[in-house]
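Protein chains in written order, with our numbering: chain A, 131 to 239; chain B, 131 to 239; chain C, 131 to 239; chain D, 131 to 239.
Rather than coming from a laboratory, the hints here were simulated on the basis of the structure.
Where hints are given, some of them may not hold.
Each pair may be met inside one copy or between any two copies, as identical chains are not told apart.
[What the hints assert, rightly or not] With a cut-off of at most 30 Å between alpha-carbon atoms, the simulated BS3-like pairs for lysine-lysine come out as follows:
{"#": "1", "residue 1": "Lys157", "residue 2": "Lys228"}
{"#": "2", "residue 1": "Lys177", "residue 2": "Lys234"}
{"#": "3", "residue 1": "Lys188", "residue 2": "Lys228"}
{"#": "4", "residue 1": "Lys177", "residue 2": "Lys210"}
{"#": "5", "residue 1": "Lys188", "residue 2": "Lys177"}
{"#": "6", "residue 1": "Lys186", "residue 2": "Lys210"}
{"#": "7", "residue 1": "Lys218", "residue 2": "Lys234"}
{"#": "8", "residue 1": "Lys228", "residue 2": "Lys218"}
{"#": "9", "residue 1": "Lys204", "residue 2": "Lys177"}
{"#": "10", "residue 1": "Lys210", "residue 2": "Lys228"}
{"#": "11", "residue 1": "Lys157", "residue 2": "Lys230"}
{"#": "12", "residue 1": "Lys218", "residue 2": "Lys230"}
Bear in mind that the values here come from a model prediction, so they are computed numbers and not experimental data.
There are 4 protein chains.
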Amino acid sequence: MTDIEQLLQQIRNFRDARDWQQFHNSKDLAVALSIEASELLELFLWKGNEEADPQKLKEELADVLMYALLLTDKHGLDIKQIIEDKIKRNNEKYPVDKAKGTAKKYNEL
Amino acid sequence: MTDIEQLLQQIRNFRDARDWQQFHNSKDLAVALSIEASELLELFLWKGNEEADPQKLKEELADVLMYALLLTDKHGLDIKQIIEDKIKRNNEKYPVDKAKGTAKKYNEL
Amino acid sequence: MTDIEQLLQQIRNFRDARDWQQFHNSKDLAVALSIEASELLELFLWKGNEEADPQKLKEELADVLMYALLLTDKHGLDIKQIIEDKIKRNNEKYPVDKAKGTAKKYNEL
Amino acid sequence: MTDIEQLLQQIRNFRDARDWQQFHNSKDLAVALSIEASELLELFLWKGNEEADPQKLKEELADVLMYALLLTDKHGLDIKQIIEDKIKRNNEKYPVDKAKGTAKKYNEL
Numbered sequence: 131m132t133d134i135e136q137l138l139q140q141i142r143n144f145r146d147a148r149d150w151q152q153f154h155n156s157k158d159l160a161v162a163l164s165i166e167a168s169e170l171l172e173l174f175l176w177k178g179n180e181e182a183d184p185q186k187l188k189e190e191l192a193d194v195l196m197y198a199l200l201l202t203d204k205h206g207l208d209i210k211q212i213i214e215d216k217i218k219r220n221n222e223k224y225p226v227d228k229a230k231g232t233a234k235k236y237n238e239l
Numbered sequence: 131m132t133d134i135e136q137l138l139q140q141i142r143n144f145r146d147a148r149d150w151q152q153f154h155n156s157k158d159l160a161v162a163l164s165i166e167a168s169e170l171l172e173l174f175l176w177k178g179n180e181e182a183d184p185q186k187l188k189e190e191l192a193d194v195l196m197y198a199l200l201l202t203d204k205h206g207l208d209i210k211q212i213i214e215d216k217i218k219r220n221n222e223k224y225p226v227d228k229a230k231g232t233a234k235k236y237n238e239l
Numbered sequence: 131m132t133d134i135e136q137l138l139q140q141i142r143n144f145r146d147a148r149d150w151q152q153f154h155n156s157k158d159l160a161v162a163l164s165i166e167a168s169e170l171l172e173l174f175l176w177k178g179n180e181e182a183d184p185q186k187l188k189e190e191l192a193d194v195l196m197y198a199l200l201l202t203d204k205h206g207l208d209i210k211q212i213i214e215d216k217i218k219r220n221n222e223k224y225p226v227d228k229a230k231g232t233a234k235k236y237n238e239l
Numbered sequence: 131m132t133d134i135e136q137l138l139q140q141i142r143n144f145r146d147a148r149d150w151q152q153f154h155n156s157k158d159l160a161v162a163l164s165i166e167a168s169e170l171l172e173l174f175l176w177k178g179n180e181e182a183d184p185q186k187l188k189e190e191l192a193d194v195l196m197y198a199l200l201l202t203d204k205h206g207l208d209i210k211q212i213i214e215d216k217i218k219r220n221n222e223k224y225p226v227d228k229a230k231g232t233a234k235k236y237n238e239l
């Protein structure tokens with residue numbers, strides 16, 4: 131994944147120029163990711179479904195992605211691989227004939 | 131980004147086979163992303179910094195990434211672009227000479 | 131619960147003086163509560179278990195409690211009642227002989 | 131606050147019967163609180179503003195409140211006090227003449 135690897139390099143460089151790897155244990159990375167997901171969600175608070183500020187949406191999505199990438203990188207995970215594996219699992223949890231057109235969780239199908 | 135586009139295709143196919151796009155407004159996608167980030171965080175609850183179950187870590191990270199990708203896709207965003215833009219902004223918020231070796235937030239530097 | 135009712139009155143007055151009840155649908159209250167819980171969590175980011183700023187801890191806990199109280203009030207719930215009911219349920223999910231001294235989730239006991 | 135103190139006693143008893151205080155450092159309590167807030171939010175995922183299951187709403191709200199109470203208790207905080215203090219601060223951040231009828235955040239008023 132040449133583009134992802136390029137991005138990871140830029141993210142690592144930014145982190146290492148500031149000597150921040152010392153803080154990047156997995157638990158705090160997961161906390162940071164959760165906080166960024168919350169900041170993204172805040173763009174919709176008290177608003178309609180499509181009313182988030184578009185510029186801020188880009189920035190908060192970027193923050194979420196960066197922490198997700200830092201975690202995958204720390205654990206030597208390949209993004210393509212883990213997503214494809216999860217889609218396979220989801221195919222079993224959410225068979226098309228049962229899940230089509232409904233938002234029910236898998237344990238309610 | 132050929133690999134990302136390939137992944138997005140798989141994610142879209144999974145969604146469309148189940149006719150789920152009707153539920154995927156931006157606010158609910160942000161809510162879903164926040165929930166997945168929380169499920170990832172739960173792998174560390176009451177535990178040490180590196181004690182999350184590795185298999186579950188892969189699965190929850192995949193879930194976070196999938197919702198993040200669905201949101202970028204919905205808004206026609208290029209992942210490479212938005213991350214590079216954010217790194218540029220962060221370079222200004224966290225200048226190396228002030229931010230090096232400290233975990234302080236930008237407004238405390 | 132006289133003290134809780136007093137607090138609720140103050141919270142309602144603050145809201146109504148600003149004509150904010152129009153925004154307080156249950157979903158957005160739940161989103162707000164989640165965001166405040168995240169802001170509380172952020173006080174511990176990159177830090178040790180007991181290193182949160184004590185003044186900010188009070189403020190963020192107050193924010194979490196206020197949104198929780200607004201939700202219970204909106205649904206006519208009695209805090210004492212719902213907590214006692216949940217403790218009863220937890221007694222079954224986490225029997226002392228199985229749960230004592232372990233942080234395992236109920237489905238792993 | 132006699133009723134709150136009674137509730138706290140029940141919560142402490144439940145915790146101590148299981149010897150769980152050893153896990154209850156402040157950071158993990160904040161993580162747990164954030165996770166419960168997320169489980170509450172999940173009741174609204176893909177749904178309308180008032181479509182959460184009422185029974186589950188009670189249970190998740192109870193979980194949120196219990197962790198909030200455990201944190202206030204651990205830090206010797208009085209719920210009435212911290213909420214009243216926050217309302218005072220909010221009175222300044224959100225003056226009625228500026229904040230009335232708008233959902234804008236204080237830094238956008």
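Tested hints:
1. Lys157 with Lys228: between (36 Å within a copy, 25 Å between copies)
2. Lys177 with Lys234: Answer is both; intra-copy 24 Å and inter-copy 10 Å each pass.
3. Lys188 with Lys228: between (35 Å within a copy, 26 Å between copies)
4. Lys177 with Lys210: between (34 Å within a copy, 28 Å between copies)
5. Lys188 with Lys177: both (17 Å within a copy, 25 Å between copies)
6. Lys186 with Lys210: Close inside one copy (27 Å) and across copies (16 Å); limit 30 Å.
7. Lys218 with Lys234: both (19 Å within a copy, 28 Å between copies)
8. Lys228 with Lys218: within (16 Å within a copy, 35 Å between copies)
9. Lys204 with Lys177: For Lys204 and Lys177, only the inter-copy Cα distance (18 Å) is at most 30 Å; the intra-copy one is 36 Å.
10. Lys210 with Lys228: within (27 Å within a copy, 36 Å between copies)
11. Lys157 with Lys230: Classified as between: cross-chain Cα gap 21 Å, same-chain 36 Å, threshold 30 Å.
12. Lys218 with Lys230: For Lys218 and Lys230, the Cα distance is within 30 Å only inside one copy (16 Å; across copies 37 Å).
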